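Read top to bottom, the protein sequences are chains A and B. Mapped onto the working numbering, the consecutive letters of the first sequence carry residue numbers 1 to 308. Mapped onto the working numbering, the consecutive letters of the second sequence carry residue numbers 1001 to 1060.
Hints are not guaranteed to be accurate.
Here's a subset of chain A near chain B, in silico, CB distances under 8 Å, partners left out [said to hold, decoys possible]:
(1) A19
(2) D20
(3) W21
(4) A121
FYI, nobody ran anything at the bench for these hints, they're computed from the structure. The model shown is predicted, which means the values in this text are computed figures rather than measured ones. Idealized CB from N, CA, C, for every residue including glycine.
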Amino acid sequence: MNQMATDATQGGAPPTLFADWRDYFALLKPRVMTLVIFTAACAMAVAPGSLHPMLAFTGILCIAVAAGAAGALNQWYEADIDALMKRTAQRPLPAGKLAAGEALAFGVILGIGSVVMIGLALNWVAAFWLAVSILFYVVVYTAWLKRRTPQNIVIGGAAGAFPVICGWAAVTGDTPLFAWILFGIIFLWTPPHFWALALFMEADYAKAGVPMLPVTHGMPETRRQILLYSLLLVPITIAPTLLGLADWAYGGTAITLGAIFLWMAVKVWRSTATVPAGMVAEKQLFKFSLLYLACLFGALVADRLLLP
Amino acid sequence: MMIDPARWTDAERTAFYARRQSRNRALGILLFALVALFFGITVVRMTDQIKGAPAAAAAP
Chain A
1 MNQMATDATQ
11 GGAPPTLFAD
21 WRDYFALLKP
31 RVMTLVIFTA
41 ACAMAVAPGS
51 LHPMLAFTGI
61 LCIAVAAGAA
71 GALNQWYEAD
81 IDALMKRTAQ
91 RPLPAGKLAA
101 GEALAFGVIL
111 GIGSVVMIGL
121 ALNWVAAFWL
131 AVSILFYVVV
141 YTAWLKRRTP
151 QNIVIGGAAG
161 AFPVICGWAA
171 VTGDTPLFAW
181 ILFGIIFLWT
191 PPHFWALALF
201 MEADYAKAGV
211 PMLPVTHGMP
221 ETRRQILLYS
231 LLLVPITIAP
241 TLLGLADWAY
251 GGTAITLGAI
261 FLWMAVKVWR
271 STATVPAGMV
281 AEKQLFKFSL
291 LYLACLFGAL
301 VADRLLLP
Chain B
1001 MMIDPARWTD
1011 AERTAFYARR
1021 QSRNRALGIL
1031 LFALVALFFG
1041 ITVVRMTDQI
1051 KGAPAAAAAP
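All chains should be built: construct the whole structure from the sequences, respecting the hints.
As structure tokens, this is what we get:
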């Protein structure tokens, strides 16, 4: 361990001269950003109207940078609990590679820059929703809800859903019903996705004092809530077809994937495993939920763009 | 409290220069990409305005 790392672990201000660009990139939570970019890009593709490829690229870039800014500000605020959890202990702040002030400045500059840029290049409706998405994630979810209520994921799920509103608004300058249905899909998808993760990471969350549902209400109640939210999720994924906003190519995909999602949620509900090693159904649901959302939005784009 | 660079070991000094160089390169690439992006956006927006101008002028 070098002098700097030693100094950081002893509680002094962590010297950060050894940070390189990879540490700043890690602050952006690139893996989380991927799904945000994908769903926002799908919303842009589905929205009526067209954008010059350069402007479409700029819109997606701004949404990605804003998601990264929110991730950086989240890591700045949560460095103390990140240090307590195995999954997050190696992030740049708890690892002592970056100082808190650097992460804060990085997040604020990227956040303001992305909002101003999408406003100037595209429109200010998109800029407004982009600013809302950053503030919702940082202020409402990270600073307010996450450490106070087991409903943190439910309400905080909106933060991950705003990028589709932003993507839609970037093309059309407004946010009609269809855009809010896409918002609703991600909003209702978030609790089953994160609670499946929370079930097999329960010990980590308990150690860090984060009131996730498995910690506060136990595993059986979490499994019941996963099933309930899955039952709410599937109908809203079919809604675009029922309302005549999408064709049956998307509708068929939504019904098929929804049936698999529900089947997996029922398996989780019936599971009685209490140790992570035995939580096969929970891990399957967590992995499948990522594929589910990607396929659902992919099908929507294919439905709107490829079919006559 | 920043550690006095005079107290660095040779390995720490080498690591510092390598990482500072990587940060500076990344920043240079980023600035160049931003210039290209702003130029591209400006061209697209100006082209749109030029295309829209005759139609707007012809409108009653």
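Here's how the hints hold up against the structure:
1. A19: holds (7 Å)
2. D20: holds (4 Å)
3. W21: holds (4 Å)
4. A121: holds (5 Å)
In summary, this structure violates none of the numbered hints.
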